[in-house]
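S.K.: Below are the chains, spelled out letter by letter.
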Amino acid sequence: MSAGFHVEHASRSSRIGMAVFAIALLALAAAPAWGGRDDLRLLSEIYAYVALASLWNLLAGYAGLVSVGQQAYVGLGGYILFASTILFGMHPLVAVPVAGVIAAVVALPVAGLMFRLRGHYFAIGTWVVAEVFRLLSSQISALGGGSGISLPAGIVTSMASSRQMREFLIYWVALTLVVVVLAAIVLLLRSRYGLALTAIRDNELAARSNGIDVTRTKLVVYVLTAFGTAMVGALIFLQKLRISPDTAFSVNDWTAFVIFITVIGGIGRVEGPIIGTVVFFLLRQTLADLGSLYLLMLGAVAIAVMLFAPKGIWGLLVERFGWQLLPLERRLRLSADARTT
Amino acid sequence: MEWVNIIIQGVLIGGLYAMFAAGLALIFGVMRLVNIAHGDLIVLAAYIALMTTDTLGLNPLLAIVVVVPIMAAIGYGLQRGLLNRTLGDDVLPPLLVTFGLSVIIQNALLELFTADSRRLKAGAIEVASFQIGEGVWIGVLPLLQFVVAIAVIGGLQLLFYRTPLGRAFRATSDDQSVAQLMGLDNRHIFALAMALSLAVVAVAGVFLAVRTNFDPAIGPARLIFGFEAVIIGGLGSMWGTLAGGIILGVSQAIGAQINPGWQLLAGHLAFLLILAVRPEGLFPKVQG
Amino acid sequence: MPEPLLDVRALDAFYGDFQALFGVSLRVAPGEVVAVIGANGAGKSTLLNCIAGAIRSRRDAILFDGEPTGDQPAHAVVGRGIALVPEGRRLFASLSVEENLLIGGQVGRPGPWNLARIYDLFPMLAERRHVPSTSLSGGQQQMVAIGRALMSNPKLLLCDEISLGLAPIVVREVYGRLPSIVTEGSSLIIVEQDIVQALKAANHVYCLQEGRVALTGSAGTLTREAISAAYFGA
Chain E
1 MSAGFHVEHA SRSSRIGMAV FAIALLALAA APAWGGRDDL RLLSEIYAYV ALASLWNLLA
61 GYAGLVSVGQ QAYVGLGGYI LFASTILFGM HPLVAVPVAG VIAAVVALPV AGLMFRLRGH
121 YFAIGTWVVA EVFRLLSSQI SALGGGSGIS LPAGIVTSMA SSRQMREFLI YWVALTLVVV
181 VLAAIVLLLR SRYGLALTAI RDNELAARSN GIDVTRTKLV VYVLTAFGTA MVGALIFLQK
241 LRISPDTAFS VNDWTAFVIF ITVIGGIGRV EGPIIGTVVF FLLRQTLADL GSLYLLMLGA
301 VAIAVMLFAP KGIWGLLVER FGWQLLPLER RLRLSADART T
Chain P
1 MEWVNIIIQG VLIGGLYAMF AAGLALIFGV MRLVNIAHGD LIVLAAYIAL MTTDTLGLNP
61 LLAIVVVVPI MAAIGYGLQR GLLNRTLGDD VLPPLLVTFG LSVIIQNALL ELFTADSRRL
121 KAGAIEVASF QIGEGVWIGV LPLLQFVVAI AVIGGLQLLF YRTPLGRAFR ATSDDQSVAQ
181 LMGLDNRHIF ALAMALSLAV VAVAGVFLAV RTNFDPAIGP ARLIFGFEAV IIGGLGSMWG
241 TLAGGIILGV SQAIGAQINP GWQLLAGHLA FLLILAVRPE GLFPKVQG
Chain W
1 MPEPLLDVRA LDAFYGDFQA LFGVSLRVAP GEVVAVIGAN GAGKSTLLNC IAGAIRSRRD
61 AILFDGEPTG DQPAHAVVGR GIALVPEGRR LFASLSVEEN LLIGGQVGRP GPWNLARIYD
121 LFPMLAERRH VPSTSLSGGQ QQMVAIGRAL MSNPKLLLCD EISLGLAPIV VREVYGRLPS
181 IVTEGSSLII VEQDIVQALK AANHVYCLQE GRVALTGSAG TLTREAISAA YFGA
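Residue numbers (this note's numbering), protein chains in the order written: chain E, 1 to 341; chain P, 1 to 288; chain W, 1 to 234.
A hint or two may mislead.
Said to hold, decoys possible - According to the in silico footprint, chain P covers these stretches of chain W (three or more CB under 8 Å from chain P): (1) 78-84; (2) 97-106.
Unchecked claim - With a straight-line Cα cutoff of 20 Å, these simulated EDC-like cross-link-like pairs (lysine to aspartate or glutamate) come out: (3) Lys285(P) / Asp174(P); (4) Lys200(W) / Glu173(W); (5) Lys311(E) / Asp213(E); (6) Lys311(E) / Asp89(P); (7) Lys218(E) / Asp90(P); (8) Lys121(P) / Asp215(P); (9) Lys200(W) / Asp17(W); (10) Lys218(E) / Asp202(E); (11) Lys311(E) / Asp90(P).
Source of the hints: derived by calculation from the structure; they are not laboratory data.
All C-beta atoms, glycine included, are put in the ideal place defined by N, C-alpha and C.
Could you build the full structure based on these sequences and the hints that come with them?
M.R.: Below is the structure:
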């Protein structure tokens with residue numbers, strides 16, 4: 001017995017997109033062969049931002065939870081990594097998923113408090129939470145207090161046989177992590193949860209009256225985002241080899257840039273953060289020496305995009321050309337005997 | 001007696017926090033907008049006060065007379081030119097645009113004034129204080145600032161409930177489209193509300209500049225203090241906002257006394273506690 | 001007819017892609033009471049919203065006092081002398097009865113209507129002037145809504161379903177006030193589901209069906225059959 005229809009996710013455009021993705025992935029995985037130390041570092045940074053922006057996009061663009069406090073989990077991930085390696089002798093790469101799990105647990109009571117606030121007040125509330133994490137971390141003298149701490153040489157060298165191998169290892173873990181994050185987001189959006197999120201985003205009241213447990217869906221997304229963000233944070237600080245409260249919980253680095261990337265690339269579309277990160281790094285390579293002027297321009301560009309092209313660069317491309325990089329559409333195909341298309 | 005002094009100091013700085021909060025609450029009440037750049041605008045006002053005193057040689061407290069109209073004009077222009085376009089059902093545009101604005105203001109100030117710490121000199125009044133009992137001292141400046149805060153909040157209450165403009169604000173807040181049908185031009189009303197908010201911000205900014213060292217980066221913390229005062233006090237009540245500011249100030253003062261590094265943390269924890277046990281705030285206004 | 005007060009010419013109205021009005025034409029002479037009837041969704045409220053400026057139209061689709069007002073925003077149209085009593089009253093919840101009336105007068109047009117005159121017209125409001133407007137009964141709220149619109153001294157008052165949700169005796173009381181409003185110098189357009197009431201109060205009737213004028217004529221000359229056919233579609 002079959003239903004008279006099935007749901008198709010791919011389109012011609014997305015098949016091309018997936019092929020492009022696969023080729024790019026192979027090229028990037030081989031980067032240690034063709035790239036130098038600086039290239040690998042730059043790529044790792046790009047992966048981190050793609051992941052962070054995609055996660056923020058999931059939270060804000062899909063679940064409607066606009067947080068300006070995700071730096072809380074970036075820093076939390078970093079500190080858990082440093083704590084578990086320095087204080088508890090854990091292997092650094094094992095500490096990455098551990099950081100994710102602990103952050104997910106912490107996210108539960110945080111969500112309990114934050115969900116009492118709505119809209120703009122929720123946003124500032126998340127900022128307060130990040131501030132609390134920052135202040136608490138500067139009180140932990142075992143991890144360097146206010147000035148922070150470096151990862152001891154012993155732990156660093158224990159990771160791999162040589163410095164070069166260690167850097168290759170961290171690079172591949174970073175690439176794996178961003179691919180896993182993107183894949184998880186795509187799978188989530190293709191699932192029932194994804195459908196629920198789109199419904200909530202379009203009309204929360206209608207979603208509720210259709211039996212969707214809005215609060216639980218939002219909670220799941222919030223916790224999953226914290227999980228992913230903390231792992232990325234752990235990896236970021238593993239690569240930096242040093243952590244301090246101000247760098248770990250920096251609003252500029254982990255929220256401002258992320259938000260600008262997502263807005264410019266396109267909110268509410270999975271491809272947006274990817275495009276946005278590319279644009280962001282292109283701008284940075286060309287304009288970085290301008291210092292605070294660069295941030296100022298970034299802010300101005302983000303405002304302009306928000307007002308005049310709210311769907312971002314990718315949104316414009318979709319409207320113009322109907323492109324689709326990832327198979328995320330839902331098209332109903334009736335079974336062969338009923339209809340041919 | 002030490003504790004009495006601590007509490008008094010906390011109460012008095014609570015007045016400043018209440019002023020931070022009043023401008024924020026006003027905007028939210030009239031147009032459901034939370035201005036993430038609010039704290040940075042307070043700092044902007046401080047720098048404008050700095051430029052005013054440098055060029056005109058005025059005492060900072062008199063500079064208020066110059067800074068208030070400037071900030072009010074900025075507020076009117078900002079709302080009419082930029083922020084009015086972001087208003088609507090979606091919560092994302094105003095949030096992101098004011099966030100972008102915050103980054104722009106901070107970095108513009110950084111470019112113009114560098115990251116050096118500044119302070120406005122108000123003369124002898126800064127250290128003047130008087131005794132009101134055994135070992136209990138009150139600073140003249142903090143007291144003045146507290147009295148001004150009460151006057152500002154009282155003034156806002158009066159404006160909202162006893163003037164035609166206040167009526168217009170409340171009507172527009174209740175039902176935008178019907179307010180238009182009564183002859184109220186929303187774009188103008190919202191711009192007036194923002195002008196008023198920034199006028200309050202101007203006063204707060206001048207007092208901040210005299211009271212503490214300031215630099216371009218301290219804006220977000222002021223936003224957070226204002227926000228916490230609003231939530232602790234309860235949405236929709238100006239006097240509640242004053243109470244919220246006082247509770248925040250006292251919490252910080254107590255925290256600082258226990259351990260200097262705990263000052264900010266104590267305030268945040270008080271906020272989170274209220275959020276946990278009484279999310280509607282201590283003095284919420286029950287709407288009809 | 002001498003120069004009409006309101007001249008609506010071939011008005012189209014859209015909500016996004018959805019067209020709600022198709023070439024509607026309507027006239028109101030000074031001192032006249034015009035009723036607009038029709039089934040739900042026929043476009044009656046849309047018509048009033050266009051006239052009041054809440055929906056923007058083609059500039060010369062609406063002429064008021066000889067001036068084109070079709071593209072004017074609502075707050076400007078009130079200044080010209082058109083006031084709307086919205087469907088469902090829509091009083092300002094955080095304002096008292098008196099404050100609601102005062103807001104109506106904020107536009108400052110000269111004329112016979114002021115607080116004292118409104119309280120003469122609706123004495124039960126005077127006793128409750130400082131009460132929150134939403135704590136009044138439906139009929140009293142309707143009076144506040146009418147009073148609020150009158151405070152702007154309109155030459156043309158638009159009443160959108162003022163009998164909605166009110167008991168018949170209250171409806172009669174409210175409608176009983178309309179003649180004095182006309183005497184003071186306002187013309188009226190009343191949108192009504194209650195056809196009997198509409199025909200009693202009006203000089204001239206328009207019947208809308210699915211966004212078009214299906215029938216028009218003076219109240220006395222229209223037959224029940226004609227109205228039924230126009231209302232429901234033959």
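S.K.: Can you give the numbers of the hints that this structure goes against, from lowest to highest?
M.R.: Hints 5 and 9 not satisfied by this model.
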